[in-house]
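Turn these sequences into a full structure, and let the hints steer you where they fit.
Protein sequences appear in the order of chains A and B.
Heads up: the first sequence begins at 5 in our numbering, then just goes up one per residue.
Heads up: the second sequence begins at 747 in our numbering, then just goes up one per residue.
Don't read these hints as lab results, they were simulated from the structure.
Since we're looking at a predicted model, the values are computed, not measured.
The C-beta atom is built at its ideal place from N, Cα and C for all residues, glycine as well.
Hints should not be assumed to be uniformly reliable.
Which chain A residues face chain B? A few, computed with CB under 7 Å, are given here [to be verified]:
#1 K46
#2 G47
#3 P48
#4 F50
#5 T53
#6 G101
#7 R102
#8 F105
#9 R107
Here are the computed distance ranges between Cβ atoms for each label pair [said to hold, decoys possible]:
#10 B:P807 / A:D43: 28 to 38 Å
#11 B:A826 / A:R65: 43 to 53 Å
#12 B:E804 / A:G33: 17 to 27 Å
#13 B:K784 / A:T9: 14 to 24 Å
#14 A:G45 / B:H772: 22 to 32 Å
#15 B:E813 / A:G45: 23 to 33 Å
#16 A:K46 / B:G774: 16 to 26 Å
#17 B:N763 / A:S24: 45 to 55 Å
#18 A:Y55 / B:T751: 25 to 35 Å
#19 B:K799 / A:K83: 39 to 49 Å
#20 B:P754 / A:K83: 28 to 38 Å
#21 B:M773 / A:E60: 24 to 34 Å
#22 A:E49 / B:P807: 26 to 36 Å
#23 B:H825 / A:Q18: 44 to 54 Å
Within a straight-line C-alpha distance of at most 30 Å, the following computed DSSO-like cross-link-like pairs (lysine-lysine) qualify [to be verified]:
#24 B:K787 / A:K63
#25 A:K83 / A:K67
#26 A:K46 / B:K768
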Amino acid sequence: EDQVTQSPEALRLQEGESSSLNCSYTVSGLRGLFWYRQDPGKGPEFLFTLYSAGEEKEKERLKATLTKKESFLHITAPKPEDSATYLCAVLRGSTLGRLYFGRGTQLTVWP
Amino acid sequence: DTEVTQTPKHLVMGMTNKKSLKCEQHMGHRAMYWYKQKAKKPPELMFVYSYEKLSINESVPSRFSPECPNSSLLNLHLHALQPEDSALYLCASSQAGGRLKQDTQYFGPGTRLTVL
Numbered sequence: 005e006d007q008v009t010q011s012p013e014a015l016r017l018q019e020g021e022s023s024s025l026n027c028s029y030t031v032s033g034l035r036g037l038f039w040y041r042q043d044p045g046k047g048p049e050f051l052f053t054l055y056s057a058g059e060e061k062e063k064e065r066l067k068a069t070l071t072k073k074e075s076f077l078h079i080t081a082p083k084p085e086d087s088a089t090y091l092c093a094v095l096r097g098s099t100l101g102r103l104y105f106g107r108g109t110q111l112t113v114w115p
Numbered sequence: 747d748t749e750v751t752q753t754p755k756h757l758v759m760g761m762t763n764k765k766s767l768k769c770e771q772h773m774g775h776r777a778m779y780w781y782k783q784k785a786k787k788p789p790e791l792m793f794v795y796s797y798e799k800l801s802i803n804e805s806v807p808s809r810f811s812p813e814c815p816n817s818s819l820l821n822l823h824l825h826a827l828q829p830e831d832s833a834l835y836l837c838a839s840s841q842a843g844g845r846l847k848q849d850t851q852y853f854g855p856g857t858r859l860t861v862l
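Okay, structure coming up:
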């Protein structure tokens, strides 16, 4: 049973074309939702932690939001260097330390 | 500083070899993790050490043996691996092993392991 589902699986954007990535979750006792960026062959790079519904966080062209059932990663005016796989993960209260990852969204931004 | 370091970056080994992967963090974190990641898949949890004690073993084969000498260091000893064990091995650390809300895990760059 998938507890974390990311969509779309892949997304191609032209430079400057804003869009959003979705992460829906069905876990109970959420203790945190995390967004990571991963470049090929490298470790995931931490972007954001969200905890409370309604919470928003921003960093450069990225903005993450959280509701009770899903999170969005909004990318405003993306650049080619934003191309990467974006991973969403959740931390549950009953499973100490175990992150539940989605399958990721592979983003390609072309000039 | 949120840096987790891993050595080596690349490792090629035969099925009869014994090798070790090393991970280090100096953020004062009390939880450290080993993950395995195959191409185009999310990371899969292998082991969790919390306060230097093994708290989670995700039914990993005994040919993988973790060790936590102190709160800053984490090793993964490898022996008699199979070609299907070839993957990117990631180390991560967090402040408290999930005991705190929003306990963020920070990942290292990984070790690319190839088993011949």
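Of all the hints given earlier, name the ones this structure violates by number, lowest first. The structure conflicts with no hint, since it agrees with every one listed earlier.
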